[in-house]
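There are 2 protein chains.
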Amino acid sequence: MTASEFDLIQRYFSDLGSRRDDVLLGVGDDAALLQPMAGEALALCVDTLVGGVHFPQDAPAETVGHKALAVNLSDLAAMGARPAWATLSLTIPAADEDWIAAFARGFGNLARYHGMALVGGDITRGSLSISVQAAGFVPRGRALTRRGARPGDAICVSGTLGDAALGLQLWQHGRGDLDEETRWLAERLHRPTPRVSLGLALRGCATAAVDVSDGLAQDLGHVLRASGVGAQLDVDRLPVSTAAARYATEDERSRHSLSGGDDYELCFTVVRSCLHKLDAIASRVGVQITRVGTIQPGAGLDLVHADRSPARLEVPGYTHFGDRGDRG
Amino acid sequence: MTASEFDLIQRYFSDLGSRRDDVLLGVGDDAALLQPMAGEALALCVDTLVGGVHFPQDAPAETVGHKALAVNLSDLAAMGARPAWATLSLTIPAADEDWIAAFARGFGNLARYHGMALVGGDITRGSLSISVQAAGFVPRGRALTRRGARPGDAICVSGTLGDAALGLQLWQHGRGDLDEETRWLAERLHRPTPRVSLGLALRGCATAAVDVSDGLAQDLGHVLRASGVGAQLDVDRLPVSTAAARYATEDERSRHSLSGGDDYELCFTVVRSCLHKLDAIASRVGVQITRVGTIQPGAGLDLVHADRSPARLEVPGYTHFGDRGDRG
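Protein chains in written order, with my numbering: chain L, 91 to 418; chain H, 91 to 418.
None of these hints come from the bench; they were simulated from the model.
Heads up, the beta-carbon is just placed ideally off N, CA and C, and yes, glycines get one too.
Take these hints with a grain of salt, some might be off.
So, partial list: chain L residues that the calculated Cβ filter (under 10 Å) puts toward chain H [to be verified]:
#, residue
1, ALA128
2, VAL143
3, ASP148
4, ALA167
5, MET169
6, THR214
7, ALA224
8, GLN262
9, THR283
10, GLY318
11, LEU393
12, VAL394
13, ARG398
Just a sample of chain L residues kept apart from chain H, beta carbon distances all over 10 Å, derived [what the hints assert, rightly or not]:
#, residue
14, LEU123
15, GLY210
16, THR380
17, LEU403
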């Protein structure tokens, strides 16, 4: 570790997030020493954001710090795991202290909100890129995976879909700051809200879950393949925000809600006998839940309208490698 | 996760390393699910290698895969931790399958050697950069940290120092393939050997440890600051390989062994009453151990010759941020 880098880490990253009793030794040694929760499974994920690919190079550093952690919290949420620790690899072109301070603020605020401690990391020189690893806990056998969806299960999504894609479109056209609604859409893009509480509430209720990072069609597709099932999706039921209803054409709304990335909502399946619990869960965690389809035997995704007629929508296929990269 | 990226991960990374019973759910979901070892502390570290900074852009992919994991194993070794799991964030300019296959081979071979499983990761598009997180276990209270060095402790290092710096110098001048010795030096640079067995053997024996990634002076400096002590280092005792003795000038040898990076040897301190154990440890793990100095009260590093006269060597100061970045 170089001296000034050592100083940067000491100054901005040595006490980031919450203090936790299970951190035996935090930032500043060759590795952190942690005390895992007895009897629980450790959920471990990693996600990298590359400047110019996953966020604009000139995005405010505070939002980059927020988002780098948020996308990983979203993965933990999709497992029903309670966040505990994070590590951070920050690659930056130069040691711009203002940028680093703002980045650390965005990262730290979200970490504290979720009771999470930053326990280790490194800073290297290079093209802007942030790799975060998040660890959390879930009781053995109660994790939400992609494998448990069964025919007849209802398919639900949290929040609204397509906001981030619309926010990006407006932002790219210099229309991100027109009014409250476009600013809200920009926030949805730059400062996503990981659905951690919802993930915890869905333990024992959802049969499968995934976070919607690459668009509903694609992410639900992962669940279908992992579970060996198909699905019917009612495109007229896909939840769209009032901001999107105002600023997107009908065609854009369909496209964004099916294949727009970066929403970080949860898509999950529940057995029908559990559907009645969802209203209470939605109220408790303060997130709208919408039933959007049904798991069926077979494979693949059938898009239908409310009257069950086939929806002739073009769903952009799986993005080719490199266009966005994995937000899984 | 994009389709072709999904395919790449399935093809090259879904079963990399050893199979372990404590991996409840590996690559392919939103997070891995792992069963930590009861009663032990989890050691967690992360280190990023940036192409063109930490390895040449045209380094063989197999060695890049090896090194990306090795530098993290070296951190676990310095904690006295037994490796268990790794995650991988691979950022590459294009989906070059030959490169990825060779990278995975280098990573996987080293992981298997150490009984480690790759449990998660992502692939993104961008400038070549690899961020690896490694997790291991160490019984509570038996980890080697940087904090325990006390006046009177002997300072020891494993292996030989400065080989990687010399290897880089030769390689940069197109002299990496002259003979067995220059090839060995190139291997020391490109394919470092993490001292995992030594780290395990030093539990209960070493009072502090650090891996030598940025040069002995700098890395020992971290131990001195963390422990609140100083040290006297006998520069005539620094272990130099026969290859370095042949290809480096005396001045280069001194400089490389004190401040050359990338050696990934261990520097550790032991109470004198434990010194007699080191020969047996060195034999058992097959690594040379050399006593190079003594911890003393105060602060800072005194360089001396065998006759205790001050060594007037110029030790390049802490590398400025960005020249190399953290290999801590």
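| field | Numbers of the earlier hints that this structure fails to satisfy, in rising order | value | 3, 8, 9, 10, 11, 12, 13, 14 and 15
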